[in-house]
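Start from the sequences and build out the full structure, keeping to the hints where you can.
Protein chains: 2
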Amino acid sequence: MNIEIPKKWYNIQADLDTQLPPPRHPATGEPLTPDDLAALFPKELIMQEVSTERYIPIPDEINEVYSIWRPSPLRRARRLEEHLKTPAKIYYKYEGVSPPGSHKPNTAVAQAYFNLKEGVEKITTETGAGQWGSGLSFACNRFGIDCKVFMVRISYDQKPYRKSLMQIWGSQVYPSPSDQTQSGRKILSEDPDSPGSLGIAISEAVEMAATHDDTKYSLGSVLNHVLMHQTVIGQEAQEQLAPEEAYPDIVIGCCGGGSNFAGISFPFVKDKIKGKEVRVIAVEPLACPTLTKGLYTYDFGDTAQLAPIVKMYTLGHTFIPPKIHAGGLRYHGVAPLVSLLHNQGLIEAEAYYQTEVFEAADTFAKVEGLVPAPEAAHAIRSVINHAVECKKTGEEKTILFNFSGHGYFDLSAYDAFYSGQLLDYEYPEALVKESLRHLPVIQ
Amino acid sequence: MNIEIPKKWYNIQADLDTQLPPPRHPATGEPLTPDDLAALFPKELIMQEVSTERYIPIPDEINEVYSIWRPSPLRRARRLEEHLKTPAKIYYKYEGVSPPGSHKPNTAVAQAYFNLKEGVEKITTETGAGQWGSGLSFACNRFGIDCKVFMVRISYDQKPYRKSLMQIWGSQVYPSPSDQTQSGRKILSEDPDSPGSLGIAISEAVEMAATHDDTKYSLGSVLNHVLMHQTVIGQEAQEQLAPEEAYPDIVIGCCGGGSNFAGISFPFVKDKIKGKEVRVIAVEPLACPTLTKGLYTYDFGDTAQLAPIVKMYTLGHTFIPPKIHAGGLRYHGVAPLVSLLHNQGLIEAEAYYQTEVFEAADTFAKVEGLVPAPEAAHAIRSVINHAVECKKTGEEKTILFNFSGHGYFDLSAYDAFYSGQLLDYEYPEALVKESLRHLPVIQ
Numbered sequence: 019m020n021i022e023i024p025k026k027w028y029n030i031q032a033d034l035d036t037q038l039p040p041p042r043h044p045a046t047g048e049p050l051t052p053d054d055l056a057a058l059f060p061k062e063l064i065m066q067e068v069s070t071e072r073y074i075p076i077p078d079e080i081n082e083v084y085s086i087w088r089p090s091p092l093r094r095a096r097r098l099e100e101h102l103k104t105p106a107k108i109y110y111k112y113e114g115v116s117p118p119g120s121h122k123p124n125t126a127v128a129q130a131y132f133n134l135k136e137g138v139e140k141i142t143t144e145t146g147a148g149q150w151g152s153g154l155s156f157a158c159n160r161f162g163i164d165c166k167v168f169m170v171r172i173s174y175d176q177k178p179y180r181k182s183l184m185q186i187w188g189s190q191v192y193p194s195p196s197d198q199t200q201s202g203r204k205i206l207s208e209d210p211d212s213p214g215s216l217g218i219a220i221s222e223a224v225e226m227a228a229t230h231d232d233t234k235y236s237l238g239s240v241l242n243h244v245l246m247h248q249t250v251i252g253q254e255a256q257e258q259l260a261p262e263e264a265y266p267d268i269v270i271g272c273c274g275g276g277s278n279f280a281g282i283s284f285p286f287v288k289d290k291i292k293g294k295e296v297r298v299i300a301v302e303p304l305a306c307p308t309l310t311k312g313l314y315t316y317d318f319g320d321t322a323q324l325a326p327i328v329k330m331y332t333l334g335h336t337f338i339p340p341k342i343h344a345g346g347l348r349y350h351g352v353a354p355l356v357s358l359l360h361n362q363g364l365i366e367a368e369a370y371y372q373t374e375v376f377e378a379a380d381t382f383a384k385v386e387g388l389v390p391a392p393e394a395a396h397a398i399r400s401v402i403n404h405a406v407e408c409k410k411t412g413e414e415k416t417i418l419f420n421f422s423g424h425g426y427f428d429l430s431a432y433d434a435f436y437s438g439q440l441l442d443y444e445y446p447e448a449l450v451k452e453s454l455r456h457l458p459v460i461q
Numbered sequence: 019m020n021i022e023i024p025k026k027w028y029n030i031q032a033d034l035d036t037q038l039p040p041p042r043h044p045a046t047g048e049p050l051t052p053d054d055l056a057a058l059f060p061k062e063l064i065m066q067e068v069s070t071e072r073y074i075p076i077p078d079e080i081n082e083v084y085s086i087w088r089p090s091p092l093r094r095a096r097r098l099e100e101h102l103k104t105p106a107k108i109y110y111k112y113e114g115v116s117p118p119g120s121h122k123p124n125t126a127v128a129q130a131y132f133n134l135k136e137g138v139e140k141i142t143t144e145t146g147a148g149q150w151g152s153g154l155s156f157a158c159n160r161f162g163i164d165c166k167v168f169m170v171r172i173s174y175d176q177k178p179y180r181k182s183l184m185q186i187w188g189s190q191v192y193p194s195p196s197d198q199t200q201s202g203r204k205i206l207s208e209d210p211d212s213p214g215s216l217g218i219a220i221s222e223a224v225e226m227a228a229t230h231d232d233t234k235y236s237l238g239s240v241l242n243h244v245l246m247h248q249t250v251i252g253q254e255a256q257e258q259l260a261p262e263e264a265y266p267d268i269v270i271g272c273c274g275g276g277s278n279f280a281g282i283s284f285p286f287v288k289d290k291i292k293g294k295e296v297r298v299i300a301v302e303p304l305a306c307p308t309l310t311k312g313l314y315t316y317d318f319g320d321t322a323q324l325a326p327i328v329k330m331y332t333l334g335h336t337f338i339p340p341k342i343h344a345g346g347l348r349y350h351g352v353a354p355l356v357s358l359l360h361n362q363g364l365i366e367a368e369a370y371y372q373t374e375v376f377e378a379a380d381t382f383a384k385v386e387g388l389v390p391a392p393e394a395a396h397a398i399r400s401v402i403n404h405a406v407e408c409k410k411t412g413e414e415k416t417i418l419f420n421f422s423g424h425g426y427f428d429l430s431a432y433d434a435f436y437s438g439q440l441l442d443y444e445y446p447e448a449l450v451k452e453s454l455r456h457l458p459v460i461q
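Those sequence lines, one after another, are chains S and R.
Take the first sequence: its position 145, counting from 1, is numbered 163 in our numbering, and each next residue is one higher.
Take the second sequence: its position 101, counting from 1, is numbered 119 in our numbering, and each next residue is one higher.
Some hints could be false.
Claimed, not checked - Cross-link-like lysine-lysine pairs, in silico, DSS-like; alpha carbons within 30 Å at most:
(1) R/384 <-> S/61
(2) R/25 <-> S/107
(3) S/135 <-> R/103
(4) S/311 <-> S/294
(5) S/294 <-> S/415
(6) S/25 <-> R/107
(7) R/25 <-> S/384
(8) R/140 <-> S/384
(9) S/384 <-> R/26
(10) R/103 <-> S/384
(11) R/135 <-> S/384
(12) R/61 <-> S/26
(13) R/384 <-> S/140
(14) S/103 <-> R/135
(15) R/384 <-> S/135
(16) R/384 <-> S/25
(17) R/415 <-> R/329
(18) S/140 <-> R/103
(19) S/103 <-> R/140
Claimed, not checked - Covered, in the sense of this in silico footprint (three residues per stretch, anywhere, with C-beta under 8 Å from a C-beta of chain R), are these stretches of chain S:
(20) 112-121
(21) 141-153
(22) 370-377
(23) 387-396
To be verified - So, partial list: chain R residues that the calculated Cβ filter (under 7 Å) puts toward chain S:
(24) 20
(25) 117
(26) 261
(27) 383
Derived by calculation from the structure, the hints in this document are not laboratory data.
Owing to the predicted nature of the structure, the values given are computational and were not obtained by experimental measurement.
Cβ coordinates follow ideal geometry from the N, Cα and C atoms, glycine included.
In structure tokens:
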């Protein structure tokens, strides 16, 4: 299907019936002003963050870079349908065709561009599995911006090749917690063997940006503008499905911070708000079940309480998730926009064990041929369950999911799965309860 | 450019003015009959091997699998042109979009299909860097064939993740030399630390197929039918260039056994035979310079003298190339068809050091965004040199090259390059001279 790259991003804030609770200052708890964010982000992105315009035009310079891999393929998983003997039609949007191998550059390219436009020369960020770090490295290299990446220690060790990829694109990569920042040094002094977490890595990247005038910070998920940049995925999917006269009954995406989930689903949630019937499902690891087990309340975005306080589903900012291989899903919170939609019942959430997720990944790789990243495999687990359900009920549902990234950098996780060394983690209820004692008090 | 997948393979044997010297039996030295090959290959592939039909139709079942990633993208490397400030136009065909990440499945899918059609249940093969092994594993998994892969030891150790990929697709992978075959055990007894070579791995795979009735053998390069299956690359490139009214002045491909080189170039050599002006360049490692330094003579295709004797450029079947990272280019010979064209002056050859190849790979990754495999980087080294030459002469040449595979499984080689640990190897003249003493005597 020969479609065009979208000319605009979709901003779901234009279609919300309730306003998004305002983000608050980590020190004072007062609502943030755009000025408060100016230390971390370029003005254009701050405007996008608070905008209620339904569509924001995509600059040609960004579309030119998108054109390296966009529009990404939309494919029907016919072999999987046959394998499952399901009457369901399964479609997937394949974001693994981007040079970094995931959906992340959809926003990385936009963020690097708007930083460059305002003369920013250095950007810091954090990364979990390394998908975001390599996405931003690719984008910064493209626009000639210096990039420093704080990579969650456990992933830094488990996925050395994502680190190599970032270095090929010219970034400096530090294992987090690192000795580069006060926040990092503090954690290391308490636990020299800390596996790290996205929360800790965010603290380090934010601290470095906040303490250097020539440096801004870039976040790979959670924020409104980040989710909005990802909507090229869902917009393309709608255009690609049109000729097939197909509209999904169920839209599924894995959910860590929420960006790939928002990217595939928000354009469909837009239809749902207008009365269209469609189920939208976010899939999480049972080891970090933010939407399924967390509280919807104000919490810090990071461990060191440097990032804004936002209203979201959270397991508490001090919660450090178990060392699952889906590093991109090891975040204690979830995007405020995704949280609000979940709180309003517009979306659903499911959580799965790591091994059942890899069983789904193994099935998909053998049947369809493509090897999913552990994050994307969470979506596939859910897809297979719903397709099998259709087999029982005989319903010919159309299921669309976001194949957010390939697993070429996660093969050590597959090795662990095949050799029976993959551990399952029960919902860490006690840890979460303890963590939730440390929520900020908002008047 | 929305083009169709080719409906037929191009067989260059139809356009040769001299017949290809016949392959000979490794034991008797007598010309091989199709029956001699029946122990190793299914009849349909043997027919293709000796066919002089110009085109051979591609079965729908094969095109259906091709459609997962074909037609592969043809892109213009505008950023590289600007970076080099060259008037040359640089186009590349990107084969890294296939699930195994290289051009190899173009023939793997065809070979697995024709084996299945004749009821073959088991296939053995060898692999260097793992590109071919993962290509055949993908194809065998697709058609439900049991696949055993002998992987050159040095690559087995350097590229563990390509091995993981083969295992995901259900193959058994053995480091070669292995204890699974007589040939392997013989080498190990002489040199327990042997890094292996394609020649040795071929011996093991051929031996296992020849000694098991239910098992056939599959080769990833060298043979006529393998090269023919790859011509979908060049045929697509010609169709994709047509709307741009572009025809290459130079066509470039890296060359180990010769299959990706033949795939991109043979449809253009066809035009050249008819009088069209086009330079066709095969690029090799200086550590294994078969076309540039070898003899054009009859030699064994493998170390243990089990594979047919063919007339080709060779460094001698006992020559074991230095441990360069471009494992797919570590073969003592080159395809008889490629050899004949070179001997007739229809194609040229160039050889480069490993580090200058990685310098080109680094440039391409940073400027164009895609990370090439070390094999493909050999072509890029040549492309850059010719583009820089155009800058000096001011000639606006059109250069087309085959980006045969991505480097996501070769990042350890990039790490070695950046850390200055990458070794260069001079042309191993003494080793080659010694090896060439052991050529077979053909009456």
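query = Going back to the hint list, which numbers does this structure go against?
reply = Checked against the structure, the hints that fail are numbers 10, 12, 17, 21, 22, 26, while the rest are satisfied.
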